[in-house]
Amino acid sequence: MTFTAGQIAEYLRGTVEGDPQISVHDFSKIEDGKPGTLTFLANPKYINYIYNCKADVVLVNKDFVPEKPIRATLIRVDNAYESLAVLMNLVSNGKPRKTGISSLSAIDATAEIGKDAYIGPFVHIGSKVKIGNKASIHGNVSIADNTVIGDNVLIYPGVCIYEDTVIGNNCTIHANAVIGSDGFGFAPTEEGTYKKIPQTGNVVIEDDVEIGANTTVDRATLSSTIIRKGVKIDNLVQIAHNVEVGEDSVIASQTGIAGSSKIGKRVMLGGQVGISGHVSIADGTILGAKAGLAASIKTPGQIYSGYPAVPINIFRRSYVVNKNLPVLQKTINELIKKVGELEKIIESKS
Amino acid sequence: MTFTAGQIAEYLRGTVEGDPQISVHDFSKIEDGKPGTLTFLANPKYINYIYNCKADVVLVNKDFVPEKPIRATLIRVDNAYESLAVLMNLVSNGKPRKTGISSLSAIDATAEIGKDAYIGPFVHIGSKVKIGNKASIHGNVSIADNTVIGDNVLIYPGVCIYEDTVIGNNCTIHANAVIGSDGFGFAPTEEGTYKKIPQTGNVVIEDDVEIGANTTVDRATLSSTIIRKGVKIDNLVQIAHNVEVGEDSVIASQTGIAGSSKIGKRVMLGGQVGISGHVSIADGTILGAKAGLAASIKTPGQIYSGYPAVPINIFRRSYVVNKNLPVLQKTINELIKKVGELEKIIESKS
Amino acid sequence: MTFTAGQIAEYLRGTVEGDPQISVHDFSKIEDGKPGTLTFLANPKYINYIYNCKADVVLVNKDFVPEKPIRATLIRVDNAYESLAVLMNLVSNGKPRKTGISSLSAIDATAEIGKDAYIGPFVHIGSKVKIGNKASIHGNVSIADNTVIGDNVLIYPGVCIYEDTVIGNNCTIHANAVIGSDGFGFAPTEEGTYKKIPQTGNVVIEDDVEIGANTTVDRATLSSTIIRKGVKIDNLVQIAHNVEVGEDSVIASQTGIAGSSKIGKRVMLGGQVGISGHVSIADGTILGAKAGLAASIKTPGQIYSGYPAVPINIFRRSYVVNKNLPVLQKTINELIKKVGELEKIIESKS
Chain A
14 MTFTAGQIAE YLRGTVEGDP QISVHDFSKI EDGKPGTLTF LANPKYINYI
64 YNCKADVVLV NKDFVPEKPI RATLIRVDNA YESLAVLMNL VSNGKPRKTG
114 ISSLSAIDAT AEIGKDAYIG PFVHIGSKVK IGNKASIHGN VSIADNTVIG
164 DNVLIYPGVC IYEDTVIGNN CTIHANAVIG SDGFGFAPTE EGTYKKIPQT
214 GNVVIEDDVE IGANTTVDRA TLSSTIIRKG VKIDNLVQIA HNVEVGEDSV
264 IASQTGIAGS SKIGKRVMLG GQVGISGHVS IADGTILGAK AGLAASIKTP
314 GQIYSGYPAV PINIFRRSYV VNKNLPVLQK TINELIKKVG ELEKIIESKS
Chain B
14 MTFTAGQIAE YLRGTVEGDP QISVHDFSKI EDGKPGTLTF LANPKYINYI
64 YNCKADVVLV NKDFVPEKPI RATLIRVDNA YESLAVLMNL VSNGKPRKTG
114 ISSLSAIDAT AEIGKDAYIG PFVHIGSKVK IGNKASIHGN VSIADNTVIG
164 DNVLIYPGVC IYEDTVIGNN CTIHANAVIG SDGFGFAPTE EGTYKKIPQT
214 GNVVIEDDVE IGANTTVDRA TLSSTIIRKG VKIDNLVQIA HNVEVGEDSV
264 IASQTGIAGS SKIGKRVMLG GQVGISGHVS IADGTILGAK AGLAASIKTP
314 GQIYSGYPAV PINIFRRSYV VNKNLPVLQK TINELIKKVG ELEKIIESKS
Chain C
14 MTFTAGQIAE YLRGTVEGDP QISVHDFSKI EDGKPGTLTF LANPKYINYI
64 YNCKADVVLV NKDFVPEKPI RATLIRVDNA YESLAVLMNL VSNGKPRKTG
114 ISSLSAIDAT AEIGKDAYIG PFVHIGSKVK IGNKASIHGN VSIADNTVIG
164 DNVLIYPGVC IYEDTVIGNN CTIHANAVIG SDGFGFAPTE EGTYKKIPQT
214 GNVVIEDDVE IGANTTVDRA TLSSTIIRKG VKIDNLVQIA HNVEVGEDSV
264 IASQTGIAGS SKIGKRVMLG GQVGISGHVS IADGTILGAK AGLAASIKTP
314 GQIYSGYPAV PINIFRRSYV VNKNLPVLQK TINELIKKVG ELEKIIESKS
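Chains as they are written, first to last, in our numbering: chain A, 14 to 363; chain B, 14 to 363; chain C, 14 to 363.
Just so you know, the hints here were simulated from the structure itself, not pulled from any lab data. You can take every hint at face value.
No copy is singled out in the list; a pair is fine if it fits within one copy or between any two copies.
Below, in silico cross-link-like pairs of lysine-lysine (DSSO-like), each with a Cα-Cα straight-line distance of 30 Å or less:
hint, residue 1, residue 2
1, Lys47, Lys275
2, Lys128, Lys141
3, Lys362, Lys351
4, Lys209, Lys147
5, Lys143, Lys47
6, Lys242, Lys311
7, Lys111, Lys141
8, Lys108, Lys147
9, Lys47, Lys108
10, Lys143, Lys128
11, Lys143, Lys111
12, Lys275, Lys336
13, Lys47, Lys141
14, Lys242, Lys47
15, Lys81, Lys47
16, Lys275, Lys209
17, Lys336, Lys278
18, Lys357, Lys343
19, Lys208, Lys108
20, Lys311, Lys58
21, Lys336, Lys351
22, Lys208, Lys58
23, Lys128, Lys108
24, Lys209, Lys58
25, Lys350, Lys362
The structure presented is a predicted model; accordingly, all values stated were derived computationally and were not measured.
Using the sequences and the hints, build the whole thing.
Here's what the structure looks like:
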């Protein structure tokens, strides 16, 4: 597929700066842009690459002001990163998807498979499972009894889904993720051992959710663990039993949320964040990477960081003083000495 | 299954407060209790829900003192959470389990499968493997040569067990966990590359152990990595080569224990804890979430937190001062100024 | 296989101290050495075990100076740990490997399988995949279209490899690892939702790389995520899209590297380290366990620790003062009091 800068600008409702007739057939990164390709500038860290970039077309934000001449043709748009997404989806959606049910799968007679679904080899589907239209279930996936999966869902190889799980439409689950495993619930006994609390609830995943590779979402003890519409979860994340993640929240890799905590809407959790059990986080909260949160956040839209997590401005100031602690200690020692000397002078005068 | 409050109280050796004839057929959470169900109050955070709870029966600890009238019938027991576990297990054990060996499995001719075991589709079982009675091996599991698995063991889909592993009775291993993978052992060479140390030991898991989804337990370089009786391990935990975890210890999600470390009995590790290699931790130690421990803990029953981990009282005090650091810095600056002024006054007088 | 101390010393170019005729047939750990076995002393923490060790032969570094008599025969070598690796590999390589293609695998007609390769049951291999000579692909592995895998590669059960992945020779990938999953790329829209950025790049893994169980390596958005020659990665590690890990770097368990970051050669990352996106780390850098790095490190060969990560000497000094913070606070309070008293004295005199 080849398009001219002019065609692309028209599609994106952007404006061309340079040659509207120049054509591109692929994408490239701005740091190694190639002739015949389109690239983009969104992160200001990469701004210097644009002046020598060999890509023929560059998507930029409309307020971008170059400091030197640029060889490439520019397409100015409201949001270069979002426009890139639009173009890449256009190309990506053009690719054919697999269909058909592999003869090497094991599907219970009571399961219902939607129209145009793909079921790969070595997929095991339990009793009374329902799979939506145009769903793609890749090889070596296990889907246990009574699970319901929506339309256009894409499940990569090795994913395990426990019984009674509900998954909405247009969700993507990456390889070896586990959905619906038992919550970590054990009651201590008098003898110092633990008695398992059966986890009899389930997991509910709403529409447009993406879940990363090797991520785990535990089923509820009672009722449901819920991942709301539009949530995006990265790899190796842990969502414990009875957690609820609000709409359009984003969770980066290796973050863990302990049991029964409630994450608001449009919350952003950085990588390796830890959230204690039974806390709630207000809408629009941002937690910096590696933050550890043990108490609820009630005011929406705040940024927290650190362990234990504190508002970002306190974190930054504490960090500066903290780095300076050895100097501070020295200052205090000198001060003690000086005060001691003053004391002696005063004593000698009395 | 429907039971009256009186029947349940008798079974649990508790006492009824309210209507002993009222009957329930399901469980619910206290924050959304439903008529016809039984719920429980164990965590004091949820105490306010009990006064408006619509569940008909609530398990409470015998020392619970209500501050307002409660509509529901109460059953007072020694330990509400443990009693809930007893009841839920009663219901859960009543459910039928699958049996039979799938014709779509690949079982080596030299393997021995116990009585009433279940082997799901696409399970691969290697040579000389022994599987106990009433074991359930779900779909897409791989069990390598010479592994021995006890009675009543439950292995969820996608689990990989490397050769020579030994697993006791009544263990549960959740989906996509890996048992017996190579320890991370490489000897640096003079050229700056690494030479692999073959990991020729194995993993031994004793009775009554539960292991979470996507958790990894590495085999020993020599001898065995050992998980003792009754240990409970959450999801995404890393147990490195030659580690030993003592009886009835509990390890929360995303915690990692580096090579050759020895965890005592009844130790509790919070989520995202990191423990260095070659350290030992005394019986009954508690490490708070995200703690990082680099040295051994020799006194039993202590609580540690922080990174590097320190006793919890030191952690708390340091935290308070730490949060206050910018104020402390200001105080010191003012003190320096004041001392300077005093100095001038004294000088001017001499 | 039985060898005498003399034979082993000759093979390793070491020197015997004791009985060159004594023979061993297995390895053991120094803390529970058994007669008829060979053990080693590399970590000084274990030095006390050597004096009562029941193993018949101990590999030691040539500069080892015993403080008491030792019963065992010693073999002195340049590097005891590396020599152990040599011996263990000798034994390990002597074991037979499986060959043949399981009739229970699903291999696309356009795939090419190398000479003497092993393909286990329930392996799914997509179209145009190439598998090298003597490669071992264990059961339940999924390898998607257009992937190229080199010679002598060893892939354990449950591994998922997405399309277009390139893997060099002599690599090992442990169970349930995921290679080539989508990078975590979403463009925020005006409505507060997220639009997926298709991840159209791939993963390139060079020769002699080892990747741990349940580790995830994401494909690039554009171009390639690259793991260079000789890199060793432990379990549960996250490598995000467009990351590059330099030659012979070593990454311990549960560490995460965010998108587009560039790790130099011979870098060592401890366990649970977190590295932000778009940073670069100079050759030979060492990051201590649990370090959190948000900025690039430009000077090679430095050791960093802490969160946020700082050079190790600053980390250590800050830690000492930090632990002492409550005392420091008290000191300052006393100082304030004393200065107040001095002030009064001076005032009373004027």
